[in-house]
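Here the sequence shown stands for residues 2 to 556, numbered as in our numbering.
Treat the hints with care, as some may be off.
Using 20 Å as the maximum straight-line C-alpha spacing, the simulated SDA-like pairs for lysine to any residue come out as follows [stated by the list, open to error]: (1) K362 / S170; (2) K362 / I345; (3) K435 / K362; (4) K119 / D154; (5) K141 / R100; (6) K249 / S170; (7) K195 / K249; (8) K228 / A436; (9) K119 / T79; (10) K195 / T172; (11) K141 / T187.
These aren't lab readings, by the way, just hints derived from the structure by calculation.
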Amino acid sequence: MSNTFRNLGLNSHLLETLETLGYAEPTPIQAEAIPHLLDGRDVVGQAQTGTGKTAAYTLPIMQQLESDDLQVLILTPTRELAIQVSEAVYRYGNKVGVRVLPIYGGSSYDRQQRRLHKGVQVVVGTPGRTKDLIEKGMLKLHNIRFVVLDEADEMLKMGFIDDVEAILSATDADTRQTILFSATFTDQIRKIAKRYMHDAIHIEIESEEVTSEHIEQRYYMVQERDKLAALCRILEVEDRDNTLIFTKTRVGAAELAENLADRNYGAIAIHGDLAQNERERILRKFRTGQLSILVATDVVGRGVDISDISHVINYDLPPLAIEYVHRIGRTGRAGRSGQAISLITPQQRYTLRKIEAYIEKPLAKEKLPSREDALRSRENHFSAKIMAQIEATTKPDGLLDELEKSGYSVEQIISGMVQMLRDNEKHYELEEIKAVEEKSERRERNRSRGRDRQNDSRENGKTSHRRGGRRREKGRHEEGMVRLHIAVGRSNGIRPGDVVYSVASHANIPGHVIGAIDIRQNETFVDVPEVHVAAALKDSKNARIRGQAMNLALA
2 MSNTFRNLGL
12 NSHLLETLET
22 LGYAEPTPIQ
32 AEAIPHLLDG
42 RDVVGQAQTG
52 TGKTAAYTLP
62 IMQQLESDDL
72 QVLILTPTRE
82 LAIQVSEAVY
92 RYGNKVGVRV
102 LPIYGGSSYD
112 RQQRRLHKGV
122 QVVVGTPGRT
132 KDLIEKGMLK
142 LHNIRFVVLD
152 EADEMLKMGF
162 IDDVEAILSA
172 TDADTRQTIL
182 FSATFTDQIR
192 KIAKRYMHDA
202 IHIEIESEEV
212 TSEHIEQRYY
222 MVQERDKLAA
232 LCRILEVEDR
242 DNTLIFTKTR
252 VGAAELAENL
262 ADRNYGAIAI
272 HGDLAQNERE
282 RILRKFRTGQ
292 LSILVATDVV
302 GRGVDISDIS
312 HVINYDLPPL
322 AIEYVHRIGR
332 TGRAGRSGQA
342 ISLITPQQRY
352 TLRKIEAYIE
362 KPLAKEKLPS
372 REDALRSREN
382 HFSAKIMAQI
392 EATTKPDGLL
402 DELEKSGYSV
412 EQIISGMVQM
422 LRDNEKHYEL
432 EEIKAVEEKS
442 ERRERNRSRG
452 RDRQNDSREN
462 GKTSHRRGGR
472 RREKGRHEEG
482 MVRLHIAVGR
492 SNGIRPGDVV
502 YSVASHANIP
512 GHVIGAIDIR
522 QNETFVDVPE
532 VHVAAALKDS
542 KNARIRGQAM
552 NLALA
């Protein structure tokens, strides 16, 4: 197996892009699949989510683009994945000027039609919206050379089999190269491969070892603009030794280290632009305790030997779950405990879910330390430094006797020294951080506002007809919504998150538009906006929830 991207046959533009992104070595699925795809073979790739499948098919496709026409169609099960894959395609194909368009339900048909008319080379879409655009004549597939089914098992679980087959049938079977990636290889996947692929190569990658039980994994949800301030709060309160902070890029590592140094945290960046002797000098300081914070990219973080790291902090969340595992594996070694902390923006919830699925455990969500927590920690550190100095002092200083002879009391002398030490302490002013409001909190706040408006109207002798102004009776659906029935309930292990995910994915609608959910022992009721009812009920016999038939119907 090749251990560099250069040995896989990729051109200089793509190699330069990978170096800029900090990708040092191909993952197993990339090393196995890329040569076959460059040779034009159909490929079935079986590997867990987070192992680098997107790059495995995107890189060879980018190298083979021949014109400005639409040549690539990538199907994904959800809108979140469609957006994520389109962003990855843009990153990998940036130097070759690729034009990519994500298409999914809930987005404007007109906008997508204008983009298609203007011209794109790659479309990344969910099956339902892709099929709709084909049927409306907006999406023409006569020049398609590559069709990718990403997370095919998820698409089939969600009931998209008919849509997927209709889309494949709309492309030229003799000229297209078909690529299928899936975490599992079920009988249904096998039938799809046999019917629509030509002499496909089957690549199976075993799952890598998941994270150590000695590593405590947690995350903080913050807005992108508040990440630096949040990191500083964490550095203030954590009981840490050597700390390794990961960023996406070399530029980002250098900027973050500079910002931390300006705030008196004494961080240094290590990245591929530094000379070898400079990297070794920095690592020596880190290993010997002269430096406690190292900011690194993946390429350096995986390529150096550093032990005794107490904390790994993901300042930038890696796009691949396997990279997350490699990063946090720098701590918790040799039976020691370690801390893995990630700063996650609301837009990265999908990536978080993929990481949790890959490591088969949830990351603990915690509340950021408050400004008062950080100030209290500073005070404790200051006291500890004074006590350590007292214990280390064995020989009396004659200055103390001279000051006492001058008429100062011991209390006055100590107070003056402590104040002098405080004045020499260099601390950056802690910044305010706005809390990230979760959707459930925002929904409850809006309901509260509706109740307030209702009470105000009653006090004024008026009746409110606005949504939220009238109390919904038990068993009745919300105004503007239609109540649907699902034939499974608590006895099947169904949770509210399952209902939102399955209904939204099946209907290709945003999850946040789904209304009240009532899960009972053997059935479930869910409110869906009236405008989306037709999409929810379409092919409802194929809709699945936790692998079981939903059998969506009007309540």
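Results of checking the hints against the structure:
1. K362 / S170: Roughly 39 Å separates the two Cα atoms, so the pair is violated.
2. K362 / I345: Status holds; Cα separation ~17 Å.
3. K435 / K362: With Cα atoms ~28 Å apart, K435 and K362 exceed 20 Å; violated.
4. K119 / D154: 33 Å, violated
5. K141 / R100: Between K141 and R100 the Cα gap is close to 16 Å, so the pair holds against 20 Å.
6. K249 / S170: 40 Å, violated
7. K195 / K249: The given pair, whose Cα atoms are some 39 Å apart, is violated under the 20 Å limit.
8. K228 / A436: At roughly 12 Å apart (the allowed maximum being 20 Å), A436 and K228 satisfy the hint.
9. K119 / T79: 25 Å, violated
10. K195 / T172: 16 Å, holds
11. K141 / T187: 31 Å, violated
The structure shown violates the earlier hints numbered 1, 3, 4, 6, 7, 9 and 11.
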